[in-house]
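Given the structure of chain A, go ahead and fit chains B and C with the ligands onto it with the hints provided.
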Amino acid sequence: MSGHAHAAHDESWIKKYFWSTDHKVIGLQYLFTGMAMAVIAGFAVYVFRMQLAFPGHEVPLFGRVSAAEYNALVTMHGSIMVFWVAMPVLIAAFGNFLIPLMIGCDDMVFPKINRLSYQIFLISALIAVSSFFVPGGAFGGAWTSYPPLSTSPVYNQTPYGATMWLIAVVLEFAAFLLGGINFVTTTMNSRAPGMKMFDVPIVVWMIVLASVLFMASVGPLVAGAIMLLFDQTLHTGFFDPARGGDPILWQHLFWFFGHPEVYVVLLPAMGIVAEILAVFARKKLFGYRTIIYTTVATGIISFFVWAHHQFIAGIDPRIASLFSVTTLIISVPIAEMVFVYIATLYGGSIRFRTPMLWALAFIAEFLIGGVTGIFLGAAGADVYFHDTYFVVAHFHYTFFPIAFIGGFAAITYWFPKMFGRMMNDTLGKIHFWGTIVGFNMVFLPLFLTGAAGDHRRIYSYQAFPDLNTPALQHLRITATIGLLIMLAFQTVFLYNFFRSLFAGQKAADNPWHANTLEWLAPSPPPHGNFAVLPTVYRGPYEYGVPDRHDDYWPQHVPDQPSTDGGVAPSRAAEAHA
Amino acid sequence: MTHGHDAAVSTVPVATTRSVMEVPTGRLAVWWVLASEIVIFGGLLGVYIMQRIGHPGWANQSIHTNTLAGSINTFILLSSSLSAVLAHQAAERGDGPRAARLLRLTALGGASFLVVKSIEWTHEIREGFTITSNLFWSFYYTAAGLHALHVIAGMIIMLIVAAGAARNQHLHRVENIGIYWHFVDIVWIFLFPLLYIAK
Amino acid sequence: MISWYVPEASTFAADVDHLVLLVAVIVGVWFLLAEIVFFALIFKFRARDGRRSQYVTGEQKHEKRWISYPHYAVLVFDVIIVVAALRVWNTIKVATPQTQETVRVIAQQWAWTFVHAGPDGQLDTPDDITTIDDLNLQVNRTYQFELHSRDVLHSFSIPVFRLKQDAVPGRVIRGWFTPTRTGTYDVQCAEICGLGHGLMPARVHVQTPEQHAAWLAGAGSGAPGAPAAPAVIADAGSAAQTAGGTR
Ligand code: HEA
Ligand code: HEA
Ligand code: CUA
Ligand SMILES: [Cu+2]
Chain A
1 MSGHAHAAHD ESWIKKYFWS TDHKVIGLQY LFTGMAMAVI AGFAVYVFRM
51 QLAFPGHEVP LFGRVSAAEY NALVTMHGSI MVFWVAMPVL IAAFGNFLIP
101 LMIGCDDMVF PKINRLSYQI FLISALIAVS SFFVPGGAFG GAWTSYPPLS
151 TSPVYNQTPY GATMWLIAVV LEFAAFLLGG INFVTTTMNS RAPGMKMFDV
201 PIVVWMIVLA SVLFMASVGP LVAGAIMLLF DQTLHTGFFD PARGGDPILW
251 QHLFWFFGHP EVYVVLLPAM GIVAEILAVF ARKKLFGYRT IIYTTVATGI
301 ISFFVWAHHQ FIAGIDPRIA SLFSVTTLII SVPIAEMVFV YIATLYGGSI
351 RFRTPMLWAL AFIAEFLIGG VTGIFLGAAG ADVYFHDTYF VVAHFHYTFF
401 PIAFIGGFAA ITYWFPKMFG RMMNDTLGKI HFWGTIVGFN MVFLPLFLTG
451 AAGDHRRIYS YQAFPDLNTP ALQHLRITAT IGLLIMLAFQ TVFLYNFFRS
501 LFAGQKAADN PWHANTLEWL APSPPPHGNF AVLPTVYRGP YEYGVPDRHD
551 DYWPQHVPDQ PSTDGGVAPS RAAEAHA
Chain B
1 MTHGHDAAVS TVPVATTRSV MEVPTGRLAV WWVLASEIVI FGGLLGVYIM
51 QRIGHPGWAN QSIHTNTLAG SINTFILLSS SLSAVLAHQA AERGDGPRAA
101 RLLRLTALGG ASFLVVKSIE WTHEIREGFT ITSNLFWSFY YTAAGLHALH
151 VIAGMIIMLI VAAGAARNQH LHRVENIGIY WHFVDIVWIF LFPLLYIAK
Chain C
1 MISWYVPEAS TFAADVDHLV LLVAVIVGVW FLLAEIVFFA LIFKFRARDG
51 RRSQYVTGEQ KHEKRWISYP HYAVLVFDVI IVVAALRVWN TIKVATPQTQ
101 ETVRVIAQQW AWTFVHAGPD GQLDTPDDIT TIDDLNLQVN RTYQFELHSR
151 DVLHSFSIPV FRLKQDAVPG RVIRGWFTPT RTGTYDVQCA EICGLGHGLM
201 PARVHVQTPE QHAAWLAGAG SGAPGAPAAP AVIADAGSAA QTAGGTR
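Protein chains in written order, with this note's numbering: chain A, 1 to 577; chain B, 1 to 199; chain C, 1 to 247.
Hints listed in this document are in silico derivations from the structure and should not be mistaken for laboratory results.
Chain A stretches covered by chain C per the calculated footprint, using a threshold of three residues with CB under 8 Å from any CB of chain C: (1) 57–71; (2) 148–158; (3) 287–294; (4) 340–351; (5) 356–367; (6) 373–381; (7) 539–550.
Which chain A residues face chain C? A few, computed with CB under 10 Å, are given here: (8) K283; (9) S324; (10) D387.
Each residue gets a CB set at the ideal place from its N, CA and C atoms; glycine is no exception.
In isolation and in its complexed conformation, chain A is listed as follows (with noise of 0.2 Å):
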């Protein structure tokens, strides 16, 4: 378009940052976005609890809650937090930054439809923030979006906010659909020489598996959402049930989705795990085949469980025994991924830089909320547990180590490469604590509270003569006491990224002596990525081999005559071919 080439620096601001078409560009766009929405979000959180803990109290920088304002707070937080935070910055930004960097290759193979992703992408997160100043409001129907709640402002009172959150939600699966275009065949097409389908590293096998799991299930929901968005403006009767419709339909397609989804941003979280585990206990993953296939098993099933979300919603009770099953069976492939991780720290030597830390976390705070995930899949509990707190103790206890937990892994980690500085580990570790006393503190209360019976979405349980008592509202302001913590330690980390982005020690390129292509490449990569373009020679994982003086073992190294035991595997001859 632009008639001539000009020197890079020519280049406006706009067209570097804005408009470029470079991986890496892309990748941080959508990092610093998610991180954008993580803050908002964030904030809808603390009003929204403040309330909770202090009903009818001003919050400081917001005011007085009103109901219309708390449900909007608590469907736009969800929202955001999944659609808007979890995803891109899980699978867009770092799918976006490492996948070509980890398979040896200088972009994606489609760099504008990578663009427009983000485009789109980033319109669908103004609509949905700007939904907030609409008259009438944001959408305060849950990020389920039930109709005939949903359908109709006769209902919700929100005439623009519920069809601009359906806009936006359809318009933020547009962009992850073009996205996967990308991550899938440049994973396929472009990896460098010599490296096999199983040399790829397993952060990279995730997100390109959640790519595909997340095709393979929105579907549905699209066909869905442009039902919905004609019953709110056209006025059809899909979901209507005075003229034929029928509202439990969404619900099956929305949870078609809804549970896929959630295995879609936990499979990229598992990868960076798997990635930091193995650099800091310097050891080969303990079955890295197994954790492929496990994945695979988790995507197939992960199909077949979604009514486990409608157990009383009125479908038929012998169907929904079905779904029982396939929920608990669903604990066999996913514990067997656990149980590899954890075993991939025998005979390790493991390093605690902040990184790693996180990485442990992970695995610790998950195993609360996948093991909680069985109470609600025991369908006689469900009947319960369903819309109480102990669900959204359950869904945090997951969601928050994949976002946060599996996000702040990532930053520390991969910082020295994005931006060639390293990031503090002093302060890394504070803010690491921080937030972890901080996150406990405010779920392990919420699983009391549901189980004493607090159910979803209540701006004020002063309603309820059972709930408002003072052993469960001291436990409600312990959960707020908790996020007011978490809250204020995120200052450290904001503090000690945007200081490291300019003032951070110098980053080598490979800092943390991993094997992956990734850290072949300067700190940070230009454009193109890599002076010469690697070649493999083995997997990513060779860490601690015998009989080598160094404990790793990149994967671009050629086998040298003079270290191999004839052990070691070695691919030289087929890489060279």
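Relative to chain A, chains B and C with the ligands alone:
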């Protein structure tokens, strides 16, 4: 989304030139797009079929669909797929201009399809069968409308690809848009019996 | 565990609590085991001078066993949990016992209407007693409930009964319960239903047969002696089927 001329400006990534799986990257991408589309249409039609089974009364509505118009459109789309195949063959032989002509013919087929569709819909709306009349008509207009959007998108991309092919550029894209067009065709092959024949 | 906070007031409440306890023990043991092994490994294999990591691939048969045996064990425990869970589920939702009386529960934005059968024990007779936000039951009597919604989704939830069921407009959903403990307890709406979702409480009064008889006798005139629920809908004094919610 047209590239091509600015390829000379920004150097093409090496990534784009690799083909580890020995399947052209463009074709992989088209398959991905089709897979996402299949689940979208699959979801919509699956829902429609379930609802249709649950509402025997819809038969009274579906007798008002215009089977003749539907059949004509089936014929138009099928023959336009044929010209897409011929365009692909021409592109394989390196005959860009001929491929371009055939692609334009295919797009013309898409246009005729849309013309027939608009006449048909105008009649139906005049007779009072609008998208809000009843659930059957809601599905009818939603499914056929979504399909028509795909026809329009396919035509636009096809004309862009044809413009390149006429200058013998990016001939591999002829095959890719052809695959897409066959998909649009196949969706219609499902829609036609579901909306017009089942009465 | 739940009964620490919420009394058990229906025949199946204890079943649910036992199920929860069973799950808690099973997954609790697994959870502790996993965490103990995890932290033990972290401690044992922390970096120390002069000790290199070992080269363990986890792909050998004897190594894989460390994963595959626990994984079969998880499957076995899953089966135990499923069997227990489905038995309770079956009791609550699938197998309806012989019921003695039917009560109609109508949800709307944002109030509950309860239609009691009245002295003759039959619904849809002139002596039906309709109340707003107060459900009156006789202890140890088996009720069928008939759940309606006038506008959006709601969910009829009585924590002390361990009972919850969504109300869906356009459908009548039936279920059952037998109260076993007298007293007055919360009824919640457990499905987001708009602005007043947090203001949709009701109270259930489980009465002795004498109290219940007295209530039946006096119901024509006086309102039940419960603390007034926050006034949400003041005018919905009859069961008149005003469609489409309140506004
Ligand atoms: C990424 C997020 C994530 C993840 C990973 C999971 C994982 C699981 N979830 Fe969760 N879930 C959510 C996010 C997530 N969930 C969300 C957001 C909701 C609520 C949505 C809403 O309503 O707003 C929800 C709600 C939800 C419900 C519906 C509750 C209700 O509304 O009534 C159920 C019910 O079955 C459930 C079950 C499970 C199960 C069985 C798993 C399993 O995958 C867990 C498997 C893992 C383990 C079991 C741990 C490791 C294993 C061992 C240590 C071995 C020992 C185990 C046994 C012997 C069984 N979840
Ligand atoms: C990924 C998903 C995710 C995450 C991370 C969170 C994080 C948190 N959530 Fe959220 N939540 C949901 C998803 C999530 N939530 C969903 C889906 C719902 C259901 C909504 C509904 O019912 O419709 C929900 C509902 C929900 C409720 C229930 C409300 C109700 O039913 O009335 C509560 C109550 O306490 C709550 C609390 C919190 C708290 C205290 C956090 C804290 O952990 C948040 C802490 C925030 C920060 C720490 C932000 C700071 C930002 C930075 C430091 C920038 C750097 C950022 C990056 C590295 C990414 N959440
Ligand atoms: Cu009614 Cu919530
Ligand atoms: Cu689920």
